[in-house]
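Participant: Listed below, chain by chain, are the residues.
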Amino acid sequence: MPRRFARPQRASRRSPTGGGWRSLAAVAGALLLVLSSTLVLANALDGALEVSSAYVNFDHGVIQLYAHIEYPLNPAIREALQDGVTLTFDVEARVDRVRRLWFDANVVDLTLRRELAYHVVTDRFVVRDVRSGDQQSFDTLKEALTYLGKVENWPILVEPQLDGGRYIISVRAGVRRGKLPASLRALLFWTDDWQRVSKWYSWSLPV
Amino acid sequence: MVSAGVTDDRDAAQRLLARRRGAWSLALWSAVGLGALLLLLAKSVQNSSEFGRLQPWILLLNIAGVLTLTVLLVRKLWQLVRDYRNHVPGSRLTARTVIIFGALVIAPLLIVYLSSLEFLNRGIDSWFRVEVRQGLKDALVLSRAALDLRVEECSRRTELLARSLAARSRVEIQTRLDEERRATAASEIILFGAHERIFAASLENPLASLLLTPPADLVRRVNDHRPYVSLEPQSNGQYLIRIGAPLGESSTSPDDRYVMAVYPVPEQLAGLSDAVQRAYSQYGNLAALREPLKYSFSLTLTLVLLLAMLAACYGAIFSAQRLVRPVQDLIAGTRAVGKGDFDTRLPLPSRDEMGFLVHSFNDMTKRLRRAHEEATRSQQAVERERERLGVILARLSTGVLAVDRTLTVRMANEAAGAILGTDLSAATGRSLPELSAGNERLGQFVAALAVRFARGREEWREQLDLESGATHGAHGRRNLMCACTPLPNEQGDRGYVIVFDDITTLLQAQRDAAWGEVARRLAHEIKNPLTPIQLSAERLRRRLLASMGPRDAEILERATHTIVQQVESMQQMVNAFSEYARAPEIRVSRFSLNQLVTEVAELYRSQDPRAAIHLSLDERLEGIEADRGRVRQILNNLVTNALEALEGAPQPRLEIATRLEAGEEGQHEDNYAAVAVCDNGPGFQRELLGRVFDPYVTSKPKGTGLGLAIVKKIVEEHGGRIEADNRPEGGARVRVLLPVVDSTRTAAGARDRRDQLRRERA
Chain W
1 MPRRFARPQR ASRRSPTGGG WRSLAAVAGA LLLVLSSTLV LANALDGALE
51 VSSAYVNFDH GVIQLYAHIE YPLNPAIREA LQDGVTLTFD VEARVDRVRR
101 LWFDANVVDL TLRRELAYHV VTDRFVVRDV RSGDQQSFDT LKEALTYLGK
151 VENWPILVEP QLDGGRYIIS VRAGVRRGKL PASLRALLFW TDDWQRVSKW
201 YSWSLPV
Chain V
1 MVSAGVTDDR DAAQRLLARR RGAWSLALWS AVGLGALLLL LAKSVQNSSE
51 FGRLQPWILL LNIAGVLTLT VLLVRKLWQL VRDYRNHVPG SRLTARTVII
101 FGALVIAPLL IVYLSSLEFL NRGIDSWFRV EVRQGLKDAL VLSRAALDLR
151 VEECSRRTEL LARSLAARSR VEIQTRLDEE RRATAASEII LFGAHERIFA
201 ASLENPLASL LLTPPADLVR RVNDHRPYVS LEPQSNGQYL IRIGAPLGES
251 STSPDDRYVM AVYPVPEQLA GLSDAVQRAY SQYGNLAALR EPLKYSFSLT
301 LTLVLLLAML AACYGAIFSA QRLVRPVQDL IAGTRAVGKG DFDTRLPLPS
351 RDEMGFLVHS FNDMTKRLRR AHEEATRSQQ AVERERERLG VILARLSTGV
401 LAVDRTLTVR MANEAAGAIL GTDLSAATGR SLPELSAGNE RLGQFVAALA
451 VRFARGREEW REQLDLESGA THGAHGRRNL MCACTPLPNE QGDRGYVIVF
501 DDITTLLQAQ RDAAWGEVAR RLAHEIKNPL TPIQLSAERL RRRLLASMGP
551 RDAEILERAT HTIVQQVESM QQMVNAFSEY ARAPEIRVSR FSLNQLVTEV
601 AELYRSQDPR AAIHLSLDER LEGIEADRGR VRQILNNLVT NALEALEGAP
651 QPRLEIATRL EAGEEGQHED NYAAVAVCDN GPGFQRELLG RVFDPYVTSK
701 PKGTGLGLAI VKKIVEEHGG RIEADNRPEG GARVRVLLPV VDSTRTAAGA
751 RDRRDQLRRE RA
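Sequence lines, in order, name chains W and V.
For the first sequence, the residue numbers in the working numbering are 1 to 207.
For the second sequence, the residue numbers in the working numbering are 1 to 762.
Worth flagging that the hints you see were computed from the coordinates, not collected in a lab.
Please read all numbers here as calculations on a predicted model, not as lab measurements.
Note that the Cβ used here is the ideal one computed from N, Cα and C, for glycine as well.
Mixed in with the good hints there might be a few duds.
Okay, derived cross-link-like pairs now, EDC-like style, lysine to aspartate or glutamate, Cα gap no bigger than 16 Å in a straight line [said to hold, decoys possible]:
(1) W:Lys150 <-> W:Glu70
(2) W:Lys142 <-> V:Asp341
(3) V:Lys137 <-> W:Glu115
(4) W:Lys142 <-> W:Asp163
(5) V:Lys527 <-> V:Glu517
(6) V:Lys366 <-> V:Asp341
(7) W:Lys150 <-> W:Glu115
(8) W:Lys142 <-> W:Glu92
(9) V:Lys294 <-> W:Glu115
(10) V:Lys527 <-> V:Glu579
(11) V:Lys137 <-> W:Asp123
(12) W:Lys142 <-> W:Glu70
The following residues of chain W were derived to be distant from chain V, with all beta-carbon distances above 12 Å [claimed, not checked]:
(13) Glu50
(14) Pro72
(15) Pro75
(16) Ala80
(17) Arg97
(18) Arg99
(19) Arg100
(20) Tyr118
(21) Val151
(22) Glu152
(23) Glu159
(24) Asp163
(25) Ile168
(26) Trp194
(27) Lys199
(28) Leu205
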C-alpha cells in the first residue's frame, strides 16, 4: 500500500545550487538581463509557466514524484508548432541533503524530457518521451499540454539513498525550442527567446 | 658624479624594464582572455548542454573585453588630444601615425564587415527559398491525399461492417469480424458494448492488443452515433488508421455497440509520408531560426568587428606612442642638456636606428658632462688659486695694486690701502685720481704714477717719498719702494701691477743704526784724548801760572780755562753720544707716572720760576711698568727742549698732560699711558718736521741735536712710540705713548702692540 505524504506547503523558493557562484552568477545574470532587455523585446513563450503542485509518494521503497505543471499556450506557440517547430518540455527534479556548515549535497538530479511536435500529415500533436521513444498523439494542443503538465509515478529516488537528515526536493519545468544543431544553438544565445524556465518548487522531505 | 651617472643608467634601465613588463603583462592577459573565450566557445560547441552554463561567461568575457578596450582607448585618446592641444613634443607625429594606422585598419575591416553581413543575410535567406517550402507543402498535400484515400476506404468498410453486424448473433459476429480482418488486413477489429466492454474481437496479435482501450474521443463520438476516424502516427514511423463506427444508425437506436477497427497503412506509403513529415519538421525547425540566426550572426560579427576595431585603434595608438617615445625622450633630453643638465640618460629603446641615435645621444651627454666637470674643476681650481692669492695678498705687508692705463683700480690688497692711508677694499673699478681726493699721500702716489705712465715708462723700480701735511708730523712722511710691471697677456687696454713697500721704518732704523755707530765711535775716539787734554791744560796752568807775569798769567789763565771748558763741553757731548749709543739696559719697576711728572715739573719750576708749567693729569693712570730713571730722562729732555723753545716768548706756557688710552681690545695689558708736552713757542720748522727725531737735527744755535733722538730711542726700547707735530693754534707738541704693562714680559703682547703701532702709524 503506497504511503502518500500530505501535499506540502508551498515551500520557499530557494535555489538548490550552492551559494559559491551566486555573486558571479548575479553579475552574469545582470549583464544578461541588460542584454536581453535591449535585444529581446518579448518572449515568444508568454503565458503561465509554473509548477502548480507537486508531491512524492513512497511505493515499495521507491519515491515517486507527482506534479502538476501549467504550460503556456498562445497563438505564437500554436503557429510555430504548425510550422514544424519542435518544442522540448523538461521537468527537472533535484533532491539535496541539507548540510549545516557547507553547501547542500546533491543526491539526485533528474530530467524528464519530452518533445511536442505537430504531425502535419495526420494533423495531430505528438508528444514523445525522448528517453524511451514512446509517443502519444493528441487531437488538440490543449490535450497535449494537459498531458505534458501531468507528471505521475515518476520514480526519482529509492529509499536506500536516504540516510537520515533533512532533504529538499525541488521541481521546475522548462520549455525551449528543441531539435537544434549544437553549433547553431551556440550562435543563438543572443536572441533565443524560445527558452523559459519556471521557478523552483521546493519542499523539505522528512525521513 | 660617476656614481650619479650609474644611478641614472640604472633608473633608465628600470623604467625600460617596467615598460616592457607592462607590455608583456598586457599581452599575456589578452592572450589568457582570448584563450579562455576560445575554450568556452569550443566547449559550448562540442557539448550543447554545457552551453547554458557557459553562456554567461562567454558574454561576460566579451563584454569585459569590449569595456576594457573602450576604457583604455578613451584614456589613450584623451591623453593624445590633451598632448596635441598642449603641443607636447611628438604628439603631432603620434596623432598622424594613429590616423594613418586607424584608416589603414578600419577601412578594410568595415569593408569586410559590410560584405560579410550582406553575404550572411543573403546566404541565410537562400536556405529558406520559397520554392523549397512550396515543394514541401505539395509533397505534404500529396501524401495526405494518398493517406486520405486509404482512410476513406477503411472508414467505408468499417461502417459497412458495423451495419452488417447489427442483427447478427455473437457467433456470426465473431466469424464476420475474422473474415473482415483477414479481408482488409486490419490489425484489430473489436466490437465494444456498453461501458467499453469487449463484445467480440478479431486481433492480429492478441497479446499485444489485450490492454488496449478505445480512445476517449472515439467513445465520445460513437456515443453520439457519429463515426470516428483518426490517423495516428507511431513511434516506429508507421501509421495506424483507427475507425470507430456505431452499430445503431441514430441516437434513438437502442443499440449502443460500436466497432473499433485499426488498420495499418501500407509500409511504402507510410515511409513516404513519414519522410515528408520529417522533412517538414526539419524545415520548420530551421526556418524558425532564420531571423534569430541572421540577428545572431550580425551581432556576433558586429561584436567581433567592434573588438577588432577597438583593438586596432588601441594598438595603433600604443604602437605610435611606442614609436614616438624615443623621439620624445630625445627632445626632452636635448632640452635638458640645453638647460645644462648633462646627467640626462635616455633609455635604449631597441637595437634599431633609433636605438643607435639614443646611444649616440647618451654618448654625447656623457662626453659633455665630462667636459663640463673638467671645466668646473678647472674653474674651481682657479677660484681656489684666486682665493689663495687673495689670502696671500691680504696677508702681505707689501702693497699690491693692479691698475690699467687710465689708473682705474682692478685689484688692491689691504696692505696697499694701509700704506697709502686709504681704504681700497671697495676701490675696484674706480679710478685712483678720484679716490685720491682729500688724501694727500695717495694724491702724491697717483701723481707719481701718472708722471711715469705719461713718459711711457711701463716697467720701473724706484723709491717714492711721499710727504704729507705739517699736521701729520713725522709719521706723515712715507718712503715707498715701488715697482711697476705690465701684466702679461693683456689684450687691448694694458694693465699694470704696482708693488710697493713702506720702507720708512727700515730707513729710519738704518739711520738710527748708522747714528748709533757714529755716536759709539765718536765716544770712543774722542773721549779718550779729552781727559789727557784737560789734565795737560790744568797741569800747564798749575806749573806755569806761578812763574808768569800778570799779563801772561792772564792769557794762560784764559787759555787753560777755555781749554778745560771746551773739553768739559766736549765731554758732555761725548757723554751724550755715549748715552745714545749705549745698549739698553732697562730696569723695570712699577711707579706712578703722574707722580714722576709732578716731580719733574716741580724741579723745573724751582730752577726757573718763569717757567709756567701747567699739568693736566689723568686720575685713572695709577701706575706703569717702566724704567723710572729713563722715563724721567724722557721728561727732562722734553721739558728742557720746550723750555729752550720758549726762551724769548712773551707769555711762555708749557703744558704737560697725561692720559690713559685704552687698547683696542679693552684689556688692561693693552692700555697705554700718553704723555703730551705742548708749548706755545714757534713750533717745529716745517722742513725738519719729518726728521726731528734724527740725531743732529736741531733748530737751536746750541745743543747736540740728540735730545729728541735719545727720547725716541728710550720710548722705542719700552715698546712705545713718539709723535711730534705742530699745534694748529701754534707751538709744538710731542706725544709719548708708553705701555702700562711692561711689553717685554710677553713676546706676543709686544708683537701685537707693534702691529697696532704700525696700523696707527699708517
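Participant: For every hint, state whether the structure bears it out.
Facilitator: Tested hints:
1. W:Lys150 <-> W:Glu70: Distance of about 9 Å is within 16 Å: holds.
2. W:Lys142 <-> V:Asp341: Distance ~90 Å between Lys142 (chain W) and Asp341 (chain V) Cα, so the pair is violated.
3. V:Lys137 <-> W:Glu115: 23 Å, violated
4. W:Lys142 <-> W:Asp163: 42 Å, violated
5. V:Lys527 <-> V:Glu517: 15 Å, holds
6. V:Lys366 <-> V:Asp341: Satisfied, since the Cα-Cα distance of roughly 11 Å is no more than 16 Å.
7. W:Lys150 <-> W:Glu115: Holds, at about 14 Å.
8. W:Lys142 <-> W:Glu92: 22 Å, violated
9. V:Lys294 <-> W:Glu115: At roughly 26 Å apart (the allowed maximum being 16 Å), Glu115 (chain W) and Lys294 (chain V) break the hint.
10. V:Lys527 <-> V:Glu579: 13 Å, holds
11. V:Lys137 <-> W:Asp123: With a Cα-Cα distance of about 14 Å, the restraint between Lys137 (chain V) and Asp123 (chain W) holds, given a limit of 16 Å.
12. W:Lys142 <-> W:Glu70: 11 Å, holds
13. Glu50: It holds; Glu50 (chain W) is separated from chain V by about 20 Å at its closest Cβ, greater than 12 Å.
14. Pro72: Correct as stated: the minimum Cβ-Cβ distance to chain V is 17 Å, above 12 Å.
15. Pro75: 15 Å, holds
16. Ala80: 6 Å, violated
17. Arg97: 23 Å, holds
18. Arg99: 23 Å, holds
19. Arg100: 27 Å, holds
20. Tyr118: It is violated; Tyr118 (chain W) is separated from chain V by about 8 Å at its closest Cβ, not greater than 12 Å.
21. Val151: Since the minimum Cβ distance to chain V is about 20 Å, Val151 (chain W) lies beyond 12 Å and the statement holds.
22. Glu152: 17 Å, holds
23. Glu159: 30 Å, holds
24. Asp163: 29 Å, holds
25. Ile168: The assertion about Ile168 (chain W) holds, with a minimum of 21 Å to chain V.
26. Trp194: Trp194 (chain W) not clear of chain V: closest Cβ-Cβ about 8 Å, inside 12 Å.
27. Lys199: Label holds. Min Cβ-Cβ 17 Å, cutoff 12 Å.
28. Leu205: At about 27 Å from chain V, Leu205 (chain W) clears the 12 Å cut-off, so the statement holds.
When the structure is compared with the earlier hints, violations turn up for hints 2, 3, 4, 8, 9, 16, 20, 26 and for no others.
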